[in-house]
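Chemist: Can you build the whole structure from these sequences, using the hints too?
There are 2 protein chains.
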Amino acid sequence: MANKPSIPKGTRDFGPDEMAKRNYIFDTIKSVYALYGFQQIETPAMETLQTLMGKYGEEGDKLLFKILNSGDFLKSTTDEELLARNPLKLQTKLSEKGLRYDLTVPFARYVVMHREELQMPFKRYQIQPVWRADRPQKGRYREFYQCDADIVGSDSLLNEVELMQIIDTVFTKFGIRVQIEINNRKILSGIAEVIGEQEKIVQITTAIDKLDKIGLEAVNAELEKEGLSKASIEKLQPIIQLSGSNDDKLNTIAEVLANSETGLKGVEETRYILDVLKQIELKNEIQLDLTLARGLNYYTGAIFEVKALDVEIGSITGGGRYDNLTGIFGMPNLSGVGFSFGADRIYDVLNTLDLYPKESISDTQLLFINFGDKETSYVLPFVAKARQANIRTEIFPDAAKMKKQMAYANAKHIPFVVLAGDNEIEQGKVTLKNMNTGEQILVSPDDLIEKVTSSNP
Amino acid sequence: MANKPSIPKGTRDFGPDEMAKRNYIFDTIKSVYALYGFQQIETPAMETLQTLMGKYGEEGDKLLFKILNSGDFLKSTTDEELLARNPLKLQTKLSEKGLRYDLTVPFARYVVMHREELQMPFKRYQIQPVWRADRPQKGRYREFYQCDADIVGSDSLLNEVELMQIIDTVFTKFGIRVQIEINNRKILSGIAEVIGEQEKIVQITTAIDKLDKIGLEAVNAELEKEGLSKASIEKLQPIIQLSGSNDDKLNTIAEVLANSETGLKGVEETRYILDVLKQIELKNEIQLDLTLARGLNYYTGAIFEVKALDVEIGSITGGGRYDNLTGIFGMPNLSGVGFSFGADRIYDVLNTLDLYPKESISDTQLLFINFGDKETSYVLPFVAKARQANIRTEIFPDAAKMKKQMAYANAKHIPFVVLAGDNEIEQGKVTLKNMNTGEQILVSPDDLIEKVTSSNP
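Chains as they are written, first to last, in our numbering: chain U, 6 to 462; chain X, 6 to 462.
Because the hints were derived from the structure by calculation, they are not lab data.
Only a predicted model underlies this, so the values are computations on that prediction, with no experimental measurement involved.
A couple of the hints might just be wrong.
[Said to hold, decoys possible] Only pairs whose alpha carbons sit at most 20 Å apart, straight line, appear in this in silico SDA-like list of lysine to any residue:
1) Lys379(U) <-> Asp160(X)
2) Lys434(U) <-> Phe376(U)
3) Lys9(U) <-> His119(X)
Modeler: What follows is the structure in structure tokens.
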């Protein structure tokens, strides 16, 4: 016994300060979700392997944490199977449950199981941890929270518009300046279609993305290396050198894609979203970016990502429209659009820019120093009164040395301390000390409440 | 593919209505914890088996969910070990992590690992799910939330007093009438000591507990059957027939325990707690109950439990003082006192008594009906204005049939709906319909905000 304890690698304890900051992030996001009529759900940490396996590719299957069956977990394996020592085969015999890998598959499973009760369009959000047996590294954990919102059962582009508004509102509340980048899977398909290179979208966007860094000639050389014909590369030039306002860009793209029905549909969708957003006037800039190409196989319409302008950290939010969330569970053609806030990265950005509002991370406002039983009896009604006035209040439980009690107040950043000895008891008052200024004043119970309430977050 | 999806037995999905109610419970508890200066922490869902095993008894070890090691999980087992098919031995080779079984062991582990950073006394709360491979049955789940608060690093009985206040405040906020039952492990030890039956505390309290049901003679008969001597049973009579006020009871017990130092210490502790609480005046009754004997091996001082008065459901909250939380991790003599709200049972009680405040479970307050693109353009500024005024607002994303949109409003219990067609557009106003009364009025944007804000939770 008495081993030095540790936690599994890639996992974290969140202490009081971190929790206060995380709660600020989640509470802010939740309040905006609610403002837009999204409803919260939660699903179990464990899902059946039948639900999870095959949904995240071969690599994903490996990264699922699997739960060993309870009791005699060997009972459905033969000696031969054991001695064959094939982990992939054996794990399906030893385990029938796994830990949630993301929130999307459990959400799809939820929608299918609860289809009869759900009122469409269903706007849900979900904030829960997920687990992945990834190799831990800086900024990558084996347990982390996802923070998803989706609208399913509606094809309307108003949904995309509202998601952009939510993003804009959330980051405005945080005080993080961001750029929202938007693209459309149909535009990308259109480009590939027009130049006759349907299979090469990823290579094309990857090459275009390097324009700023390596210049036009190098981009074209890379495209040639990828096997694109001279004619195709020629056709791509207006796309590679796309510039100007979002409207300018859309006009250029529409010309290039004149012969692609799908491509023009993508232009039209993007134009609608941007036009409606113009009326609404976002606080942050939204920019059409053709090099944005996340999760191509999954998304079918608008795709978008958010980048912080003042910190180099990559995408802090992203999502898009998909056409077939629940097909894999036997409920086809359910369209939706959704996105996910990257809570861990937002945490880092807020830390780097020192943007946490003071009131979000302060806790106890008032500490009563403990001088012993008699003094405690005297101050207890004051303590109760302060709490009734919603002041977060503590009384130090032990009559410890003054120094220790003051150290406690300092460590917890408690802004006010109350002292009450014989002198105060005689006058029916207490001494209130402002820990920031050092000022001490003698106050009545009512004045105490008023002082703390008025000068404190 | 396309299998009918399911979730693991003993686990639950929480839909929007359940989540709203659960959030009301947790938010209420959290707000009271914060009012008393408790700070939130979170620990990982997975702990090392070294941390978890041996902490919950042999049965508990079996009920731990174990995580199959990633990759080649067979690599540290020999063929002989595999063929021996001993699940208990093999699991330690196949698994080195398990899911959290409660919040107490992870908290102890946390305190030991973070001892240098923690300011004592450390007042923490923690609200997270735990997992147990118990046989699922009505009201017993394999995944459920615990909701713990503890103060460690202080022996002061003021901590017990504050926990009683927290319990009283939380249930007063919920509107649940409760009785708080208190006892003290030292009193129980004293009784066993005085009658010379140190090993038989559990049997004695179990027998006493039946007094109301089976009567005095039957209780005494049962004690005799348990092997207590006539003399011991004689000595127990004042204890068995204990009645009157808490003070009366304490006086009687003090007489019986006159020769037990431990027993008298228990009486003194209980008297202190009850005396201080008398000054503070709880809203709910607190009653000394000698038959209360939870977790005897773990608790060392005060023990307490809460029972709802208007619903038969057993204990809905409980806890007590312990002397050695962290000894098992090599940090001896850390005393603490803590308790846990039974969130699932509180959920049931609030449901049974229909005590959820309306505003806690309502979400969207205002729905704009969608009549098409032109009308949508017209109402979008109204929608934005409503949200700026913090009204939870939706616009139906599709120009669906009126009937469908109204059904959506009804299903989500949205109290106000806005209609705007040519007539409204001409006048620069909208029609606001109260879904409860059916009343429809023509209003300006400002009036809209005012109407909804003033008549809505």
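Chemist: List, from low to high, the hint numbers that the structure doesn't satisfy.
Modeler: Of the numbered hints given earlier, the structure breaks none, since each of them holds.
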